[in-house]
Amino acid sequence: MPLKYVAFFILIFVSITINFTMPKRIIDKIQMITVAGYDYVDENTLKGTIATPIFLQKGEIQDILYTDDASMIYDLDTKLNTEASEDLENGKLAVVLFNEELAKHGVKDYTDFLLREPSIGSGLYLAVTEGSTNELLSSIKSMKGAGVYLSDLIKHNIQSQKHPDTNLKTFTYSLECETCDPFLPYFRMVDGKPKIDAIALFKKDTYIDQIPIEDSFVFNLLNGDIENGDYVLERKEFKAAIQNIDTDRKVIVNQQNGSINILLDIEIIGVIREYTGNRVLRDKGKIKKDLEKELHKKAEEMIKNFQEKNIDPIGIKEQIRSKIRALTIKQINDQYPAITINMHITYTNLESGTRR
Numbered sequence: 001m002p003l004k005y006v007a008f009f010i011l012i013f014v015s016i017t018i019n020f021t022m023p024k025r026i027i028d029k030i031q032m033i034t035v036a037g038y039d040y041v042d043e044n045t046l047k048g049t050i051a052t053p054i055f056l057q058k059g060e061i062q063d064i065l066y067t068d069d070a071s072m073i074y075d076l077d078t079k080l081n082t083e084a085s086e087d088l089e090n091g092k093l094a095v096v097l098f099n100e101e102l103a104k105h106g107v108k109d110y111t112d113f114l115l116r117e118p119s120i121g122s123g124l125y126l127a128v129t130e131g132s133t134n135e136l137l138s139s140i141k142s143m144k145g146a147g148v149y150l151s152d153l154i155k156h157n158i159q160s161q162k163h164p165d166t167n168l169k170t171f172t173y174s175l176e177c178e179t180c181d182p183f184l185p186y187f188r189m190v191d192g193k194p195k196i197d198a199i200a201l202f203k204k205d206t207y208i209d210q211i212p213i214e215d216s217f218v219f220n221l222l223n224g225d226i227e228n229g230d231y232v233l234e235r236k237e238f239k240a241a242i243q244n245i246d247t248d249r250k251v252i253v254n255q256q257n258g259s260i261n262i263l264l265d266i267e268i269i270g271v272i273r274e275y276t277g278n279r280v281l282r283d284k285g286k287i288k289k290d291l292e293k294e295l296h297k298k299a300e301e302m303i304k305n306f307q308e309k310n311i312d313p314i315g316i317k318e319q320i321r322s323k324i325r326a327l328t329i330k331q332i333n334d335q336y337p338a339i340t341i342n343m344h345i346t347y348t349n350l351e352s353g354t355r356r
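Using the numbering used here, you'd call the opening residue of the sequence shown number 1 and step up by one each time.
Because the hints were derived from the structure by calculation, they are not lab data. Heads up, a few of these hints could be off.
What the hints assert, rightly or not - Within a straight-line C-alpha distance of at most 27 Å, the following computed DSS-like cross-link-like pairs (lysine-lysine) qualify:
{"#": "1", "residue 1": "Lys250", "residue 2": "Lys236"}
{"#": "2", "residue 1": "Lys104", "residue 2": "Lys250"}
{"#": "3", "residue 1": "Lys162", "residue 2": "Lys58"}
{"#": "4", "residue 1": "Lys330", "residue 2": "Lys108"}
{"#": "5", "residue 1": "Lys104", "residue 2": "Lys58"}
{"#": "6", "residue 1": "Lys141", "residue 2": "Lys58"}
{"#": "7", "residue 1": "Lys239", "residue 2": "Lys162"}
{"#": "8", "residue 1": "Lys239", "residue 2": "Lys47"}
{"#": "9", "residue 1": "Lys193", "residue 2": "Lys155"}
Computed from a prediction, not measured in an experiment: that's the story for all the values here.
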């Protein structure tokens, strides 16, 4: 028998043998975790809460919550498994929540655990909560189950440009990047329901500040290109709803006499879908002038706040690093708070909507 056939049959035999020796998981004997929340207790203790869905008749889903205290996540998993009637598995984990107090003490140890767990995907969503993650998860009454509900909520806000794109992969990339700082959605309970109310800002793995969700458009403007966004400009004389907004951000880096200057050149195009007010003002381009002025002011204040806190969630230092290779990372980090960052924002209107 030719050698290639022998090798083929050996390969088949080994594959079958490995398949039979693999540990079996019977679907009725496991519970899939869809969301996990971690709360700060003290320096040596965290409280963990997980939700696993059970399927009722007519496609209905009901979550079972398990909660306990432990010193680390591995110990917590062991404790929670003693409370469950079946094995708890992470294969469907979609969202992980950190309460604000825990995030202030750093989350790197917990994200490391998520990265090392082979059953967890890099598209997992992370978020910060104002209060207890346990209380937030207990408040969710959804036919989807808590994990899918929160995952869909975050995904919807990202797709509708209400929150910048983020997940486990992008968060850990920013942690490992020596010139970057990450951000996450920030949940707050509003009328008994969880709402993404802000963008949580981190200095490396430590939560230090937030941006109100109302200013997320400006943050997205500074962070990169926007596709199909929207913005409402309000004045005493008029109110304009601008939609189908696309932007193009260029970062121009200059170095003269050892000083670094940054210019953010941002071009915006959009459509005025609805307009209330004096038509003469609209036709004279007041919307364009007022929009450019308002966005410039807000962006300037936001960047000033970033520099004062010495954080860079919009990637300015990474742009400097890529364009001035003579500078070391330490030099860039040291100079960042004092770097002059200017902006040039221009708006082009494609068409106008109704007047009321």
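**OP:** Given the hint that Lys239 pairs with Lys162, test it: the Cα-Cα distance must not exceed 27 Å.
**Re:** holds, 20 Å
Original post:
Is the hinted pair Lys193 and Lys155 satisfied, with a Cα-Cα distance of at most 27 Å?
Top reply: holds, 17 Å
Subject >> Given pair status - Lys58, Lys104, alpha carbons within 27 Å >> reply: Roughly 43 Å separates the two Cα atoms, so the pair is violated.
Subject >> Agreement of Lys104 and Lys250 with the hint, judged by alpha carbon distance not exceeding 27 Å >> reply: violated, 33 Å
Original post:
Taking only the CA atoms, is the gap from Lys162 to Lys58 under or equal to 27 Å?
Top reply: Roughly 34 Å between the alpha carbons, so the hint for Lys162 and Lys58 is violated.
Original post:
Lys330 and Lys108: Cα distance at most 27 Å?
Top reply: Holds, because 22 Å separates the two Cα atoms, which is no more than 27 Å.
**OP:** Take a quick look at whether Lys141 and Lys58 sit within 27 Å of each other, Cα to Cα.
**Re:** holds, 17 Å
**OP:** Sort out whether Lys236 lies within 27 Å of Lys250, counting only the CA atoms.
**Re:** violated, 33 Å
Original post:
Is Lys239 within 27 Å of Lys47, Cα to Cα?
Top reply: Violated, at roughly 47 Å.
When held up to the earlier numbered hints, the structure conflicts with 1, 2, 3, 5 and 8 and fits the remainder.
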